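If you read the protein sequences in the order shown, they are chains A and B. Going by our numbering, 50 is the number at position 50 of the first sequence; the sequence numbering is gapless. Going by our numbering, 183 is the number at position 88 of the second sequence; the sequence numbering is gapless.
No lab work stands behind these hints: they were computed from the structure. Some hints here could point you the wrong way.
Label pairs and their in silico Cβ distance ranges [stated by the list, open to error]:
1) B:166 <-> A:46: 25 to 31 Å
2) B:99 <-> A:43: 40 to 46 Å
3) A:63 <-> B:208: 20 to 26 Å
4) A:69 <-> B:101: 41 to 47 Å
5) A:4 <-> B:104: 44 to 50 Å
6) B:100 <-> A:9: 46 to 52 Å
As the structure is a computational prediction, the values presented were derived from the model and not from experiment. We put the beta carbon where it would ideally sit given N, CA and C, even for glycine.
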Amino acid sequence: MRDAEWQLREPELYAWSSNDGSISIASRDRDGDDQYELIVHNAAGEQVDELSSERLAGDRPARWKDALAELHLVARRSALIEALPTTAGHTASAS
Amino acid sequence: MTDAPEKQRLMTLARLLTAATASREVDWQAREPDVYIWESSAGSVSVASRDRDGEPPFELAVYNPAQERVDELGSALLDDDQPAPWNDALATLYRAARRSALRADDIVEALIVALPAASEDGEAEQERSFRRLTRRVAAQGEETE
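Bound-form chain A, shown alone:
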């Protein structure tokens, strides 16, 4: 089983790419705080959609707040593991 592997693009911003486009998840202020932004880019790198965990009108928490926080956590973990040096014949995702 191959996991989706994320890459650290800049501090607190992690990205996963495919042929169709890419997704990034970032701490909004790049400070690891619990406000996150998910951004979708097309294959040309244009931003086509976004989802933020900022509070909604009426100071209500967004329904997707927890999902973004969880994604940030797993993306960060994946990117940090991927950032470890590799040796010939070994990869982090090899079964």
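Guided by the hints, dock chain B onto chain A, whose structure is given.
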């Protein structure tokens, strides 16, 4: 600037277009960066970020079939420095039009399809991460031996 009837009509147009865009009943086209167009037989509508940076202020323009500009509505602050009542409607329409023109739903769907299938044995993400980490560390150990 007053909340004149023509502005109310344009605000209504913006809201209806947003709803129709969200339900994918209308499609927008990108004519130039940060300018999106919807065309019908009765005319066309454009919505744009005025400074072409994806940020407010936004501008809505209405054209007749001959491409003559017949009306417009822009994000504004009123005399008391309060945001105009149509500002939110323009911002929401801009985002919906951009999503439509850039085919955001199709890309999101393609990315969902491109994702590796979830583990079928219920292995937790954290456990898998630790296994990957262990492999990396083990590989490092082998190299240094």
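Range hint 25 to 31 Å (beta carbons of residue 166 of chain B and residue 46 of chain A) holds or violated: At roughly 29 Å between Cβ atoms, residue 46 of chain A and residue 166 of chain B fall inside 25 to 31 Å, so the hint holds.
Per the hint of 40 to 46 Å, is the separation of the Cβ atoms of residue 99 of chain B and residue 43 of chain A within bounds? Roughly 44 Å apart at Cβ, these two residues keep to the hinted range, so it holds.
That 41 to 47 Å hint for residue 69 of chain A and residue 101 of chain B (C-beta), does it hold up? holds, 45 Å
Determine whether the Cβ-Cβ distance between residue 4 of chain A and residue 104 of chain B falls within the hinted range of 44 to 50 Å. With a Cβ separation near 47 Å, residue 4 of chain A and residue 104 of chain B satisfy 44 to 50 Å, so the hint holds.
CB of residue 63 of chain A to CB of residue 208 of chain B, is that within 20 to 26 Å? Because 24 Å falls inside the window, the suggested range holds.
Please test the hint of 46 to 52 Å on the beta carbon pair from residue 100 of chain B and residue 9 of chain A. holds, 49 Å
Consistency with the previously given hints is maintained throughout, with no hint failing.
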